[in-house]
Amino acid sequence: MDFIKLVNSLERSLNGPLPGRSAQERMAPMPLEMERFDEQQMSNARKGAVLMLLCPSEDRKSIIVPFIKRATYEGVHSGQIALPGGKKDVGDKDLGETALRETEEEIGVSRKDIQILGNLSDLYIPPSNFSVRPFIGFSSAPPVFEIDKREVDRLIICSFDELTNEAIIKKKGMNLAGGYKIQAPYYEINEEVVWGATAMILSEFLTLWKEIK
Numbered sequence: 001m002d003f004i005k006l007v008n009s010l011e012r013s014l015n016g017p018l019p020g021r022s023a024q025e026r027m028a029p030m031p032l033e034m035e036r037f038d039e040q041q042m043s044n045a046r047k048g049a050v051l052m053l054l055c056p057s058e059d060r061k062s063i064i065v066p067f068i069k070r071a072t073y074e075g076v077h078s079g080q081i082a083l084p085g086g087k088k089d090v091g092d093k094d095l096g097e098t099a100l101r102e103t104e105e106e107i108g109v110s111r112k113d114i115q116i117l118g119n120l121s122d123l124y125i126p127p128s129n130f131s132v133r134p135f136i137g138f139s140s141a142p143p144v145f146e147i148d149k150r151e152v153d154r155l156i157i158c159s160f161d162e163l164t165n166e167a168i169i170k171k172k173g174m175n176l177a178g179g180y181k182i183q184a185p186y187y188e189i190n191e192e193v194v195w196g197a198t199a200m201i202l203s204e205f206l207t208l209w210k211e212i213k
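Position 82, counted from 1, in the sequence shown is what the working numbering calls 82; the numbers after and before it change by one each time, with no gaps.
By construction, these hints were calculated from the structure, which means they are not laboratory data.
Any given hint could turn out to be false.
Within a straight-line C-alpha distance of at most 27 angstroms, the following computed DSSO-like cross-link-like pairs (lysine-lysine) qualify [claimed, not checked]: (1) K47 with K87; (2) K69 with K149; (3) K213 with K170; (4) K149 with K5; (5) K210 with K5; (6) K112 with K170; (7) K170 with K210; (8) K112 with K61; (9) K112 with K93; (10) K213 with K5; (11) K210 with K61; (12) K5 with K112; (13) K61 with K181; (14) K210 with K171; (15) K69 with K87; (16) K69 with K47; (17) K87 with K5; (18) K47 with K93; (19) K61 with K47; (20) K112 with K87; (21) K69 with K171; (22) K171 with K213; (23) K47 with K213; (24) K170 with K181; (25) K171 with K112; (26) K172 with K210; (27) K69 with K170; (28) K172 with K69; (29) K149 with K87; (30) K47 with K112.
Build the full structure now, drawing on both the sequences and the hints.
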């Protein structure tokens, strides 16, 4: 698809009604944690933002989306695949600025080169007590990536065509801390398992994309 046509279509759709919970639930781990949709929990949680960045590939022949593999650390999201993002700082005027700042810090794409198209529905993440707002943005030029090795183990580039291919949707059993067992739908991207909150965010985006098509 033409990049400009894609951007314009997404901007229009993001300014309308969002699919929300029904789309998020399609890729939620089971049994479903009802906390994820508790408005009181979301209101009291720490605030954060992530950015799904659409940009041309280096040869400008395709559209790509960067993901990160988080560095190994003492925390619940250690080593997971995610979109660039993080917690809102006191200096951020809003969550959109949080998403841009964190993206620049983690993968080196200047916030000046990114235009925000809109945002998806907020999502509460119980293990870390964060309410996360996913933003969709684009860069008209192929970005030069430079990861922050303290926070990012490596960059994972996914083509838009691959991301919108339903063949990458799979499911597996997982054993979590404390012997807790779940069935987790996930997206297989570059042989990595993208599950949990990131998969739920992608599910809402892809539901919106299907409506555009």
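Status of each hint after checking the structure:
Pair hint K47 plus K87 holds up; C-alpha atoms about 6 angstroms apart against a cutoff of 27 angstroms. Between K69 and K149, the direct Cα distance comes to roughly 10 angstroms. Compliance with the 27 angstroms bound is thereby established for this hinted pair. Under the criterion of a C-alpha separation no larger than 27 angstroms, the hint pairing K213 with K170 is consistent with the structure, at around 23 angstroms. The hinted pair formed by K149 and K5 fails the criterion: a straight-line CA distance of about 35 angstroms is larger than 27 angstroms.
Proximity of K210 to K5 is assessed by CA-CA distance (about 15 angstroms); at most 27 angstroms being required, the pair is judged to hold. Among the hinted pairs, K112 with K170 is inconsistent with the structure: their alpha-carbon atoms are about 36 angstroms apart, more than 27 angstroms. Between the alpha carbons of K170 and K210 the distance comes to roughly 19 angstroms, so the proposed pair stays at or under 27 angstroms and holds. Of the pairs offered as hints, the one joining K112 and K61 holds, with about 23 angstroms between alpha carbons and a cut-off of 27 angstroms not exceeded.
Note on K112 and K93: the hinted pairing holds, with a Cα-Cα distance of about 16 angstroms set against a maximum of 27 angstroms. Proposed proximity of K213 and K5 is supported: the alpha carbons are some 11 angstroms apart, at most 27 angstroms. Of the supplied pair hints, the one linking K210 and K61 holds, its CA atoms being roughly 22 angstroms apart against a limit of 27 angstroms. With a CA separation close to 22 angstroms, the supplied pair K5 and K112 stays within the 27 angstroms bound.
The suggested pairing of K61 with K181 is violated, with an alpha-carbon distance near 42 angstroms, which exceeds 27 angstroms. Restraint check: the Cα-Cα separation between K210 and K171 comes to about 21 angstroms, which is no more than 27 angstroms; the hinted pair holds. Distance hint between K69 and K87 is fulfilled; the C-alpha atoms sit about 17 angstroms from each other, no more than 27 angstroms. A distance of roughly 21 angstroms separates the Cα atoms of K69 and K47; the hinted pair therefore holds under the 27 angstroms criterion.
A distance of roughly 32 angstroms separates the Cα atoms of K87 and K5; the hinted pair therefore is violated under the 27 angstroms criterion. Our distance criterion of 27 angstroms between C-alpha atoms is met by K47 and K93, whose separation comes to about 13 angstroms. Annotation: proposed proximity of K61 to K47 is violated, straight-line Cα distance about 36 angstroms (limit 27 angstroms). With a C-alpha separation of about 20 angstroms, the suggested pair K112 and K87 falls inside the 27 angstroms cut-off, and the hint holds.
Taking the CA atoms of K69 and K171, the gap is about 20 angstroms. The hint holds against a cut of 27 angstroms. For the given pair, K171 sits about 26 angstroms from K213 by alpha-carbon distance, which is consistent with the 27 angstroms threshold. Pair hint K47 plus K213 does not hold up; C-alpha atoms about 32 angstroms apart against a cutoff of 27 angstroms. Under the criterion of a C-alpha separation no larger than 27 angstroms, the hint pairing K170 with K181 is consistent with the structure, at around 17 angstroms.
As the CA atoms of K171 and K112 are separated by approximately 38 angstroms, the hinted pair breaks the 27 angstroms bound. For the proposed pair K172 and K210, the alpha carbon gap of about 25 angstroms is at most 27 angstroms, so the pair holds. For the given pair, K69 sits about 19 angstroms from K170 by alpha-carbon distance, which is consistent with the 27 angstroms threshold. Between K172 and K69, the direct Cα distance comes to roughly 19 angstroms. Compliance with the 27 angstroms bound is thereby established for this hinted pair.
Distance hint between K149 and K87 is fulfilled; the C-alpha atoms sit about 18 angstroms from each other, no more than 27 angstroms. A distance of roughly 23 angstroms separates the Cα atoms of K47 and K112; the hinted pair therefore holds under the 27 angstroms criterion.
In terms of the numbered hints stated before, the structure departs from hints 4, 6, 13, 17, 19, 23 and 25, listed from lowest to highest.
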